[in-house]
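Residues per chain are reported as follows:
There are 2 protein chains.
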Amino acid sequence: MKVAVLGYGTVGLGVYEMLKTAKGLEPGPVLVRPGKDDAPFKVTSIEAIVNDPEVGAAAEVMGGVEPAFSYAAAVLSAGKHLVTSNKALVAARGIELAEIAREHGAAFLFSAACGGGVPFLHHLSLARESDEILSLGGILNGTTNYMLDAIQRLGLEYEQALKDAQRLGYAEADPTADVSGLDALRKIMLACAVAWGRLPREGLLNEGIASVTAADAAHFMARGYTCRLMARGGKTGDGIYAYVEPVLLREGAAECSVLENYNMARYEGACAGPIILMGQGAGRWPTASAVLRDLGCILLGHREMLPACCAEVPADNGGVSHLYYVRLPAHRAAALPCESAESAGGVARLVTKPMSVAAMHAFAAKIRAEGGEIFFAALEQ
Amino acid sequence: MKVAVLGYGTVGLGVYEMLKTAKGLEPGPVLVRPGKDDAPFKVTSIEAIVNDPEVGAAAEVMGGVEPAFSYAAAVLSAGKHLVTSNKALVAARGIELAEIAREHGAAFLFSAACGGGVPFLHHLSLARESDEILSLGGILNGTTNYMLDAIQRLGLEYEQALKDAQRLGYAEADPTADVSGLDALRKIMLACAVAWGRLPREGLLNEGIASVTAADAAHFMARGYTCRLMARGGKTGDGIYAYVEPVLLREGAAECSVLENYNMARYEGACAGPIILMGQGAGRWPTASAVLRDLGCILLGHREMLPACCAEVPADNGGVSHLYYVRLPAHRAAALPCESAESAGGVARLVTKPMSVAAMHAFAAKIRAEGGEIFFAALEQ
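Heads up: the sequence lines are chains Z and A, in that order. All residue numbers for the first sequence refer to my numbering, where the first residue is 3 and numbers rise by one. All residue numbers for the second sequence refer to my numbering, where the first residue is 3 and numbers rise by one.
Among the hints, a few may not be true.
Chain copies aren't distinguished; within one or between two, either way the pair holds.
Keeping only pairs whose Cα atoms sit at most 35 Å apart, straight-line, the calculated DSBU-like set for lysine-lysine is [said to hold, decoys possible]:
| no. | residue 1 | residue 2 |
| --- | --- | --- |
| 1 | Lys-368 | Lys-165 |
| 2 | Lys-38 | Lys-355 |
| 3 | Lys-22 | Lys-237 |
| 4 | Lys-368 | Lys-22 |
| 5 | Lys-25 | Lys-44 |
| 6 | Lys-25 | Lys-4 |
| 7 | Lys-4 | Lys-237 |
| 8 | Lys-355 | Lys-22 |
| 9 | Lys-368 | Lys-44 |
| 10 | Lys-4 | Lys-368 |
| 11 | Lys-25 | Lys-237 |
| 12 | Lys-237 | Lys-355 |
| 13 | Lys-25 | Lys-368 |
| 14 | Lys-355 | Lys-25 |
| 15 | Lys-38 | Lys-4 |
These are computed hints drawn from the structure, not numbers from a lab.
One chain only, chain Z, in its complex shape (with noise of 0.2 Å):
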């Protein structure tokens, strides 16, 4: 099957080359900016994609959601198979997608969207058509995951940990998605939607990492955890919950094995327990390796990710409840549930009672209303 590449950046050119060797497959036409046209195989229009009656597939890799949703629009409606990359298109338009491919006949396809080359969505798609997946999640951003282990194994302060991490390609120049937990959260909403045919929309939480200084990993560290940025989904009563946050893990957990960039993501299957996947979650090759998984299933004759009945539905983060580390400045410690506190030079540091995740999120936007600052990471018990 000869498949175009729409977009030829870090994951584009990855997919690409793995193209010419994987099995059954072939490189088609590329897609790129005009201007950008310097070999034969690159093409400027995606007319020139959707209509070679020799192309059977496309690998969208560009990013963002227009005109990503414009061009994987074109290729379903012309019957031709889609693997994507590109989770902001996925979380903003992807029942959509998943509709006009099902028209079509043709497979839509978006592992690579979660975990870079970690299979997680391609799992969950699997497993939930004969096991009931009770709850999910996992560290699901590498960016983060390289800054908190520099914080707590080298002792870097937040700033610089940024640094070392734009520096080695890690994050963007901008980082925001990233360390404000976005991405993160754009991940575990389609795994949710994979695995239960409901995309939480409204009500979603990410707290990132933006406010966890050296000083706090020294503390709990002291205390024998470790933090790592976790995006959590799962059932309650009839909803579904999705956030993201700081969680403190104690010594051991196979989360605190989770060094550098790398991904981890789990679920618990009613029969299965719990699985755990762990691998690169970014990076030219990774994510390519994970489109092409996607394109070798697709030869198997997979067609759908997205389970038909996929509806958009609003997040509830009401009903979880944990414990919580919260440094926050002492004159307002009074205001939490607390089942332990300690305070010094006006910074009170304290282990709440269990509150439920929206109101913690809540309590913490609340405080830096004020103008106060405030760190907080659920307990993992």
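The hints should help you fit chain A onto chain Z, whose structure is shown.
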């Protein structure tokens, strides 16, 4: 698709129950021993299944090579798909079964035969199509992991750890296949066959855990190491290495977070990088979930897990080297190339210079032939 179940033991019952709710699947007749057919859905002859036009596939979960092979061959020869959890069967006669399946247009999948609920073989079979698999392995036997964990974390002696494992149903009354490393060896044979189309047969090496004592554990744990029984396979020039042996890992390695009877499989892809998969490696529901996953893959179009070219090859374990930690009679310590050593009460504990796997296993066999006691484990750097 109606699925017959061959065997109604621990896993068989799980498969039968899961078939009742799995999408696109339903339970068919269950093959039991004569005299055990105490319900209408149970049959006692394989012909009743082979000749049932409604049966589209069978799940073989009996264990053992015969009559499992004859039954599996009969099912495949009738053009019905076959899924099995039986590693002894696939290691002994999997290549023949794959050929029969191919001749008759039937599927032959066996991911439940390696790693229980962990989707290792499934994943290798996808990854090999577009990526080069460089090496693979992991903790593939839950019984011995449970025992090693109990010896190390609870300070139990080997015999007590074995009794506990038997009481909990993790170890069989005759635990030889588990504690000798043979069970893990069969699994790594299958993984090599799936990844490279080469089933290593002669020259395989398996050192189990029967030689480890609480004193050994105290000694290497004081030096910051945790012991796991690891199976390893890889390419060495033109050959394939495949062996099982205890390995000492530094604190913080992902393997150290594998507790109780869990499994961890890993492979290194040239493009994907290291991919690690963890979960429950045995038990009714995890193993049944892997059988059901394979059946779901058949619905999607999967047909083969062993590549068409798969052939038996001798294993080449002479070209892989490690440092080894060794406890042996003090008077024999000089026979090893030694990096550091200590000796007390006639017993020496030493770390060797790099030695080939073949040389270390041969040396241990020699010491035992002399009536000496030896424990060894590769040192992970």
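The hints, checked one at a time:
1. Lys-368 to Lys-165: within (29 Å within a copy, 56 Å between copies)
2. Lys-38 to Lys-355: This pair counts as neither: shortest intra-copy Cα distance 58 Å, inter-copy 55 Å.
3. Lys-22 to Lys-237: For Lys-22 and Lys-237, only the inter-copy Cα distance (23 Å) is at most 35 Å; the intra-copy one is 42 Å.
4. Lys-368 to Lys-22: neither (54 Å within a copy, 50 Å between copies)
5. Lys-25 to Lys-44: within (23 Å within a copy, 43 Å between copies)
6. Lys-25 to Lys-4: both (11 Å within a copy, 32 Å between copies)
7. Lys-4 to Lys-237: Intra 40 Å, inter 31 Å, cutoff 35 Å: inter-copy only.
8. Lys-355 to Lys-22: So Lys-355 and Lys-22 fail the 35 Å test inside a copy (56 Å) and across (42 Å) alike.
9. Lys-368 to Lys-44: Neither: 51 Å inside a chain and 64 Å across chains, both beyond 35 Å.
10. Lys-4 to Lys-368: Answer is neither: 54 Å inside a copy and 57 Å across each miss the 35 Å cutoff.
11. Lys-25 to Lys-237: between (39 Å within a copy, 20 Å between copies)
12. Lys-237 to Lys-355: within (23 Å within a copy, 53 Å between copies)
13. Lys-25 to Lys-368: The answer is neither: 55 Å in one copy and 46 Å across copies each exceed 35 Å.
14. Lys-355 to Lys-25: neither (55 Å within a copy, 42 Å between copies)
15. Lys-38 to Lys-4: within (22 Å within a copy, 54 Å between copies)
The structure is inconsistent with the numbered hints 2, 4, 8, 9, 10, 13, 14, although it conforms to all the rest.
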